[in-house]
Amino acid sequence: MKILILGAGAGGGFPQWNCHCDNCRGVRDGSIKASPRTQSSIAVSANGTDWVLINASPDLRQQINHTPALWPADKQQQRGTSIRSIILTDSQIDHTTGLLTLREGLPLPVYCTDVVHEDLTTAFPLFTMLKHWHGGLQRHSIDTDYAASFTPQGAEGLVFNPVVLESNAPPYSSYRDKVVPGNNIGLQITDTASGKSLFYAPGCVQASPLVESMLDQASCVLFDGTLWLDDEMIQKGFSNRLGSQMGHMPVNGPDGTVSLLNRFNIDRKVLIHINNTNPVLNEDSEAHQYLTDNDIELAYDGMQITL
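In our numbering, the protein residues as written are 854 to 1160.
Mixed in with the good hints, there may be bad ones.
Label-pair ranges, simulated between beta-carbon atoms [stated by the list, open to error]:
1. Arg-914 / Phe-1091: 24 to 30 Å
2. Asp-996 / Gln-1070: 39 to 45 Å
3. Arg-1121 / Asp-927: 29 to 35 Å
4. Gly-1106 / His-987: 45 to 51 Å
5. Ser-1112 / His-985: 46 to 52 Å
6. Asp-1030 / Gly-1090: 18 to 24 Å
7. Asp-1137 / Thr-981: 46 to 52 Å
8. Pro-960 / Asp-1146: 43 to 49 Å
9. Phe-1091 / Gln-1070: 34 to 40 Å
10. Arg-878 / Pro-925: 36 to 42 Å
11. Thr-981 / Asn-1118: 19 to 25 Å
12. Pro-978 / Asp-1146: 45 to 51 Å
13. Tyr-999 / Gln-1142: 32 to 38 Å
14. Arg-932 / Tyr-999: 34 to 40 Å
Just so you know, these hints were derived from the structure itself, not from any lab.
Predicted model, so just to flag it, every value in this text is computed and none were measured.
C-beta: ideal position from N, C-alpha, C; glycine also.
Produce the complete structure using the sequences and hints provided.
Written as structure tokens, this is what we have:
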């Protein structure tokens, strides 16, 4: 299995266009050691030729143009793509707006849960709008039952299992702050040839027994690394909500991501969906060193993983 990190940042990316926090200012003027990151999206493949896009970032056009593996391969066709299908793990803006960028390449199969589809046909009606381009998005339902495994188009050799995550729905969703199963899912992706698996969970506020089971089985984990501290956004004056209220587990602390991941024997532990305020982005920071000391990697745009 091949995994491409197209974007490793949280909503807004890094630097965020209107932000003048220490990190954003520092990466712009070169006063800190840090790499810019676009908004979160990955792609996976069993053969290195056919790719499944997981989450469609607002920065998707830029991400595809920087990723030769996703360029049109058939020179006999005027247009084409190596993206065979798309999976959405939630209905957040930073995971779905890129669908608009793909309108010239429709129709494409899109896999999502019923409640995500509901959000994307009502409050944020992307499916409805995109019907006007070549028939639009071909929707396939993802069950919230872990046992309901599926293989999306173009991913033959890989098995996907949905993992319900405890997180929050977008502000425009009718499920905001009253989440139901299916607002947010992670994915266990297993290579049937090697038996190795990836667990992808970009937004998770608390580890359920099923999440812990996924961590126990995983060869590689791409896990929520949005905020360093639960009250980080409040401290910096950017929000009046805790990270946990927004649906994200803090990286630091006894109940944080590092503490959770350290309980399991995982070959590669990688944090993804990193908010621009998170001090781990500064590679000279104590927070970044803390990750290194705990054998945890920080995802970056263009990162490639092979399992």
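To see whether the hints hold, each was checked on the structure:
no. : hint                            : verdict
1   : Arg-914 / Phe-1091: 24 to 30 Å  : holds, 27 Å
2   : Asp-996 / Gln-1070: 39 to 45 Å  : violated, 20 Å
3   : Arg-1121 / Asp-927: 29 to 35 Å  : holds, 33 Å
4   : Gly-1106 / His-987: 45 to 51 Å  : holds, 48 Å
5   : Ser-1112 / His-985: 46 to 52 Å  : holds, 48 Å
6   : Asp-1030 / Gly-1090: 18 to 24 Å : holds, 22 Å
7   : Asp-1137 / Thr-981: 46 to 52 Å  : holds, 47 Å
8   : Pro-960 / Asp-1146: 43 to 49 Å  : holds, 48 Å
9   : Phe-1091 / Gln-1070: 34 to 40 Å : holds, 36 Å
10  : Arg-878 / Pro-925: 36 to 42 Å   : holds, 38 Å
11  : Thr-981 / Asn-1118: 19 to 25 Å  : violated, 46 Å
12  : Pro-978 / Asp-1146: 45 to 51 Å  : holds, 46 Å
13  : Tyr-999 / Gln-1142: 32 to 38 Å  : holds, 36 Å
14  : Arg-932 / Tyr-999: 34 to 40 Å   : holds, 38 Å
The structure does not agree with the numbered hints 2 and 11 stated previously, though it agrees with the rest.
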